[in-house]
Amino acid sequence: MKRNVALYPWFKFAQNLTFWQAVWFLFFQNELSAAEAILLYAIYDVATTVMEVPSGYMSDRLGRRRTLIAASFFGAVGAGLIAFGAGFAVFALAQTCLGLSAAFASGTDNALLYESLVADGRGDTVEAQETRGWQAALVGLALSAITGGIMASYAFEWAFAAGALAHIAALGLAWKFAEPPHDEVRHGSAGLRGQWEHFTQAMRQPVLVWLFALSVLMYGFSHVPFVFGQPFIAQALAGAAWSPAIVSGAVTAVMMLVSVVASVLALRLRKRIGLSAILLLAFAIQIGIIATLAATSAALAIVVLFLRMVPNSFARPFIVARMQPLLNDQGRATYLSLQSFVGRLAFAGSLLLASAQVQQGGAMAYGDIQITLAGYAVVGLVFFLGLAGMVRRAQLDPP
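The sequence shown runs 1 to 399 under our numbering.
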């Protein structure tokens, strides 16, 4: 279990060496069209959504280690297909594999860490260890963003080939994990019906309902700038000498480094203002970023993208740490997978609506970007007010 905890940050680092993260939209838009680029991301999200619950069931029944091995395998295959393939059909298959990779890892990595800590007698350090893993992921994202942008300025395919190698490295690390001990499976709790019962029991707790809703919303609103940030940068730099691929990679790298700093401050801020306040602050920042990008196409607004991952640093480790003790081993990954399932389904649906409003062919115009982002900002404000109104009943801050 000590080895699991020691390897966990390295696994998160390798898993997040996604060299294509800052250029994927530019690549698909260049190879196909802006509308098809949005559809390809929707395919990724739909694939992840479809497999979220089965992957959680697999994790709870077959083990954390095997599921993380599968996640790394499909990640390597998906990135490799994009690096060496061509055409919408091949890219769609690749996005499906990347979606499977995300689904298998979703919740399973957190469950492996928590159960390893509990087995090692260090369950009370989960917030600090989750923050450590999150920082490792951000460093991986930062390093791969800038290097991937430079690679893509020569050939987009290089970024995806490097990502495939990173997933192979993650596969090697996952292979070294030891399966943590689990609670004994009670009779009748091992099937899909039993897993659903675990989930419904968890959702009788107001705190888990509130955190479930916030996690679903923050997933989508975190990915809005991820999807539309690249065409926004391309439009803002229209006519400039700078390469959009390099600028996008540099922006993403700075974004991740800013988030590393935010994660260092997050524990102190959480102790000072409380859990509910820091989570609402994180969601408010997400909405503010989207609203700013909708309000102006000036190149200076690119700076706002530096803050994209700050809300995740303020929220994700604390959400996971608050949930884990309230869930049992037999349904932990299933609960986290269902949470991701709903978040991805909602966001994929919103992307399908957005792609229908985008003009076919060519680069995505700022007018289309502005209308789309403004819609997200308005919807986000409505949900923020709803969550703020229910926060007292949820009793997020334990006595």
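I should point out that these hints are in silico values taken from the structure, not numbers from a laboratory. We put the CB at the ideal spot given by N, CA and C, even for glycine. Don't take every hint at face value.
Straight line, CA to CA, 16 Å or less: simulated EDC-like cross-link-like pairs of lysine to aspartate or glutamate [stated by the list, open to error]:
no. : residue 1 : residue 2
1   : Lys271    : Asp397
2   : Lys2      : Glu179
3   : Lys2      : Glu157
4   : Lys271    : Glu127
5   : Lys2      : Asp120
Distance ranges between label pairs, derived from CB positions [unchecked claim]:
no. : residue 1 : residue 2 : range
6   : Met203    : Gly349    : 15 to 25 Å
7   : Ala86     : Met203    : 40 to 50 Å
8   : Pro54     : Ala89     : 20 to 30 Å
9   : Met203    : Leu353    : 34 to 44 Å
Structure-based check of each hint:
no.: 1; hint: Lys271 x Asp397; in the structure: holds (10 Å)
no.: 2; hint: Lys2 x Glu179; in the structure: holds (12 Å)
no.: 3; hint: Lys2 x Glu157; in the structure: violated (38 Å)
no.: 4; hint: Lys271 x Glu127; in the structure: holds (12 Å)
no.: 5; hint: Lys2 x Asp120; in the structure: holds (7 Å)
no.: 6; hint: Met203 x Gly349: 15 to 25 Å; in the structure: holds (22 Å)
no.: 7; hint: Ala86 x Met203: 40 to 50 Å; in the structure: holds (45 Å)
no.: 8; hint: Pro54 x Ala89: 20 to 30 Å; in the structure: holds (24 Å)
no.: 9; hint: Met203 x Leu353: 34 to 44 Å; in the structure: violated (27 Å)
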